[in-house]
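There are 6 protein chains.
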Amino acid sequence: MRRVRVNGFVCKDTKDVKADDFFLAANLDKPRDTTVSKVGSNVTLINVMRIPGLNTLGISLARIDYAPQGENPPHTHPHATEILTVLEGTLYVGFVTSNQNNVNKLFTKTLNKGDVFVFPEGLIHFQFNPHPDKPAVALAALSSQNPGAITIANAVFGSKPPISDDVLAKAFQVEKKTVDWLQAQFWGDN
Amino acid sequence: MRRVRVNGFVCKDTKDVKADDFFLAANLDKPRDTTVSKVGSNVTLINVMRIPGLNTLGISLARIDYAPQGENPPHTHPHATEILTVLEGTLYVGFVTSNQNNVNKLFTKTLNKGDVFVFPEGLIHFQFNPHPDKPAVALAALSSQNPGAITIANAVFGSKPPISDDVLAKAFQVEKKTVDWLQAQFWGDN
Amino acid sequence: MRRVRVNGFVCKDTKDVKADDFFLAANLDKPRDTTVSKVGSNVTLINVMRIPGLNTLGISLARIDYAPQGENPPHTHPHATEILTVLEGTLYVGFVTSNQNNVNKLFTKTLNKGDVFVFPEGLIHFQFNPHPDKPAVALAALSSQNPGAITIANAVFGSKPPISDDVLAKAFQVEKKTVDWLQAQFWGDN
Amino acid sequence: MRRVRVNGFVCKDTKDVKADDFFLAANLDKPRDTTVSKVGSNVTLINVMRIPGLNTLGISLARIDYAPQGENPPHTHPHATEILTVLEGTLYVGFVTSNQNNVNKLFTKTLNKGDVFVFPEGLIHFQFNPHPDKPAVALAALSSQNPGAITIANAVFGSKPPISDDVLAKAFQVEKKTVDWLQAQFWGDN
Amino acid sequence: MRRVRVNGFVCKDTKDVKADDFFLAANLDKPRDTTVSKVGSNVTLINVMRIPGLNTLGISLARIDYAPQGENPPHTHPHATEILTVLEGTLYVGFVTSNQNNVNKLFTKTLNKGDVFVFPEGLIHFQFNPHPDKPAVALAALSSQNPGAITIANAVFGSKPPISDDVLAKAFQVEKKTVDWLQAQFWGDN
Amino acid sequence: MRRVRVNGFVCKDTKDVKADDFFLAANLDKPRDTTVSKVGSNVTLINVMRIPGLNTLGISLARIDYAPQGENPPHTHPHATEILTVLEGTLYVGFVTSNQNNVNKLFTKTLNKGDVFVFPEGLIHFQFNPHPDKPAVALAALSSQNPGAITIANAVFGSKPPISDDVLAKAFQVEKKTVDWLQAQFWGDN
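Chains as they are written, first to last, in numbering that gives the first Met the number 0: chain W, 0 to 189; chain L, 0 to 189; chain Y, 0 to 189; chain P, 0 to 189; chain S, 0 to 189; chain A, 0 to 189.
Heads up, a few of these hints could be off.
Once the Cα atoms are required to be at most 25 Å apart in a straight line, the calculated SDA-like pairs of lysine to any residue come out as [said to hold, decoys possible]: (1) W/Lys104 <-> L/Asp20; (2) S/Lys112 <-> A/Pro129; (3) W/Lys176 <-> A/Pro129; (4) S/Lys108 <-> P/Pro161; (5) Y/Lys133 <-> L/Gln172; (6) W/Lys14 <-> L/Asn98; (7) P/Lys159 <-> S/Glu87; (8) S/Lys108 <-> S/Val42; (9) S/Lys17 <-> A/Pro129; (10) W/Lys29 <-> W/Asn111; (11) S/Lys17 <-> W/Ala148; (12) S/Lys108 <-> A/Pro129; (13) A/Lys37 <-> W/Ala148; (14) L/Lys37 <-> Y/Ser36; (15) P/Lys176 <-> S/Lys17; (16) Y/Lys112 <-> P/Pro51; (17) L/Lys14 <-> W/Leu105; (18) L/Lys159 <-> Y/Thr109; (19) P/Lys104 <-> S/Gln182; (20) L/Lys104 <-> Y/Ser36; (21) P/Lys29 <-> Y/Gly113; (22) L/Lys133 <-> W/Gly113; (23) P/Lys175 <-> S/Lys17; (24) A/Lys159 <-> W/Tyr91.
Negatives, chain Y to chain P, calculated, CB over 12 Å [as the list claims (entries may be wrong)]: (25) Thr34; (26) Ser36; (27) Val42; (28) Ala66; (29) Gln68; (30) Thr84; (31) Pro129; (32) Asp132; (33) Lys159; (34) Val173; (35) Gln184.
Note that these hints are calculated values from the structure, not bench results. The beta-carbon is built from N, C-alpha and C at its ideal position, and this holds for glycine as well.
Only chain W is shown next, with the shape it has when bound in the complex (with noise of 0.2 Å):
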């Protein structure tokens, strides 16, 4: 049987909706591997996907698990503004700004346990933990039940099928086999 789909999700009959659909047994208070990516990082992301009863609602959970010097590496979310705070050791985090009002600036903090930050809709945005043998751990919210996150060198480096070199080189000013050697790096990696 086909199932309507609103947001590319489907929609239950209100008759059929059940707690469980506003429910996921997250564990969201244990630790997550951070070994499993290169840079040392692991996002458990409570989306629509998960909870079906977010749909529509425009709302979003995740806990980020940082390695020693693991990071969260810059990314947009292209729908969806996130606000965070620091569980467990320290991040070193920042967002630049667009061309419109302050061209590519950098604001950046460093942030301890129980501490808040804003990283504002679309902008490139990036957690890093400095600590050279303690993990970090932070909860975030967005406000989107389904944000995407584009990972800028995954994306310009790794999309598949690659991007023309000619077009890279000239806009990160490298050579061509600087691009090529690059684009091998991310290659079968997202």
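Let chain W serve as the given structure and place chains L, Y, P, S and A on it in line with the hints.
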């Protein structure tokens, strides 16, 4: 000098914006005093009034501390959905639907540490710590930079000036003296 | 045959749309029976379920009949502002603000025939006919094609299943037996 | 002292808001004079300019009086859907679709007292009282706190300064002298 | 097989999306035949019906060709603002305000190649090529993926079925026989 | 005298509005100098800063000139979709999806004169003129009156102050000295 406001909050000139406009040393990791309210809870809301950079961005964050058998009593957020995760302890949570589809149907769940629950925008909801002697803590995000809260009992029985006891006696199907007694409990309490 | 729905309502092919999709012989000029409810009122709501062409258009209309000393008891519309004019009789009306600016401040007015009043979106409000033996009638418009209503007393004390009396006793600062008695009044009543 | 405006209207400090900001003694029960216009109608619009508390709330109300054979002539509301009910008399009403789906298809209905009709946002619509000697009255709600109206004949033939008769002669496929004559009818008339 | 639609258009599974869904070989550089309409213009609209990937994205593009003394006659876009630049020739353009602030005030400008003009959402506007023997071309963008157009003369005098001549005679302050004659011009013309 | 601003731009009193507020003699038909940037392109954006009447209307227009083998390098518009048509020459264009559905999938197309392409809101996209000695020109419309642009290479490697090379080395999986070298290329370049 007068300053221009958007949504009631002062707008800075973009050239004067700084990282601190997106930051708060909120100590969200520290327990709050839950004896300050009769219901045994304490909500620390990080909204646009505390982080000016949140203005227009549609999100906020809150830490909620619950005494043993304390509660965040039935309330609504007129313009915000809430997503909550339990940091410590156990919570019995629920919301009631409107009269549209499932007339006043109650959805509840008992949440343990790391679990996640969603309270859809505008619906009456609550969280209760059932444990006789352990506190509980939750972190919640709301889909508004300035989510109001309407605490039902206080708004209905504790408004200033009070709602006519004719109105409330009929609404709650009790005698006026019961209404008068309830109003006395909430007077001076908000 | 299955039909595609938008906002839960069936969408017609535009070539099949006809004037009747925007029309209702609603008899809004005729008095309704106000003895059907314990609170002495009767709301006739003309929403998208009754006029399919209203879908997505963000407006609806209602006739409200009030018995002498009848009321439309404290309730909220989660997603709609209401503007009301008195067609017959007199109404004592009011709304209570949220905890943001004026904590639980009550705004009231006595309305005569031809007067207009506005109840802002999401706030608890009511209308009461203070006259001992004359009925009243109002016409109201709401800024949603499907405005839900949350009748406070019914949602809090009449939900199915009932909210735990632990939660309600603490919220309303009464004994559990008072809660149990109130819940009994609303059981089977919605 | 200068005052800050939102949507062009003055915003009060929330502490200065009072019930009268949401109220108007509009006498909507009283007949209006329909001889003031050449088309035999009189629209009493209760919008944000008359009730300041309506600002940003997206709704307004109107009483419309029609002389015998009077009309509310073809017009559009650029940003509002209208829902209307007949209080007195009979109305022949209609709207014309755009060129998207049903090219310029006319939908009409004859409405009696208590009937309800919807005019979707942006479409050209009208109401006409066909009765030779009885007036009619309608109450209408619009999905904007400040719904403009573009009365077609007046905007096209009565603009100040007038639209070039080259443009109008070709658009209406008439001779320029016919346009000039039409423009003369509307001059000084708005 | 039935397919789910959003805003009336078929949604593809994201895995089936391809570059062609965002592309059209539209030949927008090629002149169009302006003799096909009585008003001497031809609008080539690139909307969601021609580029499926535009769905929900809120923008479209149009090339408009004008014969010498041809025009895009007075019309409205119910849900879109238009920004236009002249590619070839000269255009006399204008729009008329609603009755809110500047009652039916006409704003006009003569545009040369490379000039830009804005027609705000919902207002009646037109473009006219005043040159006796040179064509003109414009490129326009609209803030909707499916902007409707209501051509005033055609909607008012050419609707199917026709609007009652009682209504139009009064609205345009002409005799019924003039209305009938106008309606005859537009019959079968849309 | 201080002036009230909406979205950061000055609002005129409606009685002072004139046709020039909706007009710009932009010379969009004239070639721009593409040697001013290292990437061989020149974007002439007609936004609300240049046409005040565009405020709140959600649309803007741009002419883009490309030198032979010049490009509009990978960038995002945080709040705008772009629709583009080629006026002169040939363009190789593309965008990369986010991590939601098709992980970092690249969609490309070669566009000739008169072709149209859409770049959905928030996604990284580019245009490149592959021709060795002919320039290219495009006209683009964006669904915002003030679409920002985040040029990826400049925001990541040319922010002021620079992003820590610890963060960028890990993100791009290169050595710090490579990052330092890249940052040197963009320093003083924005």
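Each hint, compared with the structure:
1. W/Lys104 <-> L/Asp20: Judged against 25 Å, a Cα distance of about 14 Å means the pair holds.
2. S/Lys112 <-> A/Pro129: Violated, because 28 Å separates the two Cα atoms, which is more than 25 Å.
3. W/Lys176 <-> A/Pro129: holds (19 Å)
4. S/Lys108 <-> P/Pro161: holds (14 Å)
5. Y/Lys133 <-> L/Gln172: Roughly 22 Å separates the two Cα atoms, so the pair holds.
6. W/Lys14 <-> L/Asn98: Given that 25 Å is the threshold and the Cα spacing comes to 13 Å, the pair holds.
7. P/Lys159 <-> S/Glu87: Distance ~29 Å between P/Lys159 and S/Glu87 Cα, so the pair is violated.
8. S/Lys108 <-> S/Val42: holds (21 Å)
9. S/Lys17 <-> A/Pro129: holds (22 Å)
10. W/Lys29 <-> W/Asn111: holds (20 Å)
11. S/Lys17 <-> W/Ala148: holds (20 Å)
12. S/Lys108 <-> A/Pro129: Since the Cα atoms of S/Lys108 and A/Pro129 sit roughly 39 Å apart, the hinted pair is violated (cutoff 25 Å).
13. A/Lys37 <-> W/Ala148: violated (29 Å)
14. L/Lys37 <-> Y/Ser36: violated (35 Å)
15. P/Lys176 <-> S/Lys17: violated (56 Å)
16. Y/Lys112 <-> P/Pro51: holds (21 Å)
17. L/Lys14 <-> W/Leu105: holds (13 Å)
18. L/Lys159 <-> Y/Thr109: holds (17 Å)
19. P/Lys104 <-> S/Gln182: holds (14 Å)
20. L/Lys104 <-> Y/Ser36: This hinted pair holds, its Cα atoms lying about 20 Å apart.
21. P/Lys29 <-> Y/Gly113: holds (7 Å)
22. L/Lys133 <-> W/Gly113: Within the cut-off at roughly 22 Å; holds.
23. P/Lys175 <-> S/Lys17: violated (52 Å)
24. A/Lys159 <-> W/Tyr91: holds (16 Å)
25. Thr34: About 21 Å separates Y/Thr34 from the closest Cβ of chain P, which puts it past 12 Å; holds.
26. Ser36: holds (22 Å)
27. Val42: Per Cβ check, Y/Val42 is outside 12 Å of chain P; nearest 15 Å; holds.
28. Ala66: Nearest chain P Cβ is 20 Å from Y/Ala66, so the label holds.
29. Gln68: Per Cβ check, Y/Gln68 is outside 12 Å of chain P; nearest 22 Å; holds.
30. Thr84: Violated: least Cβ distance 5 Å, not greater than 12 Å.
31. Pro129: Answer for Y/Pro129: holds, closest chain P Cβ roughly 16 Å.
32. Asp132: It holds; Y/Asp132 is separated from chain P by about 21 Å at its closest Cβ, greater than 12 Å.
33. Lys159: For Y/Lys159, whose nearest Cβ neighbour in chain P is about 32 Å away, the distance exceeds 12 Å, so it holds.
34. Val173: holds (30 Å)
35. Gln184: The claim holds: Y/Gln184 sits with its nearest Cβ about 31 Å from chain P, beyond 12 Å.
Checked against the numbered hints listed earlier, the structure breaks hints 2, 7, 12, 13, 14, 15, 23, 30; every other hint is satisfied.
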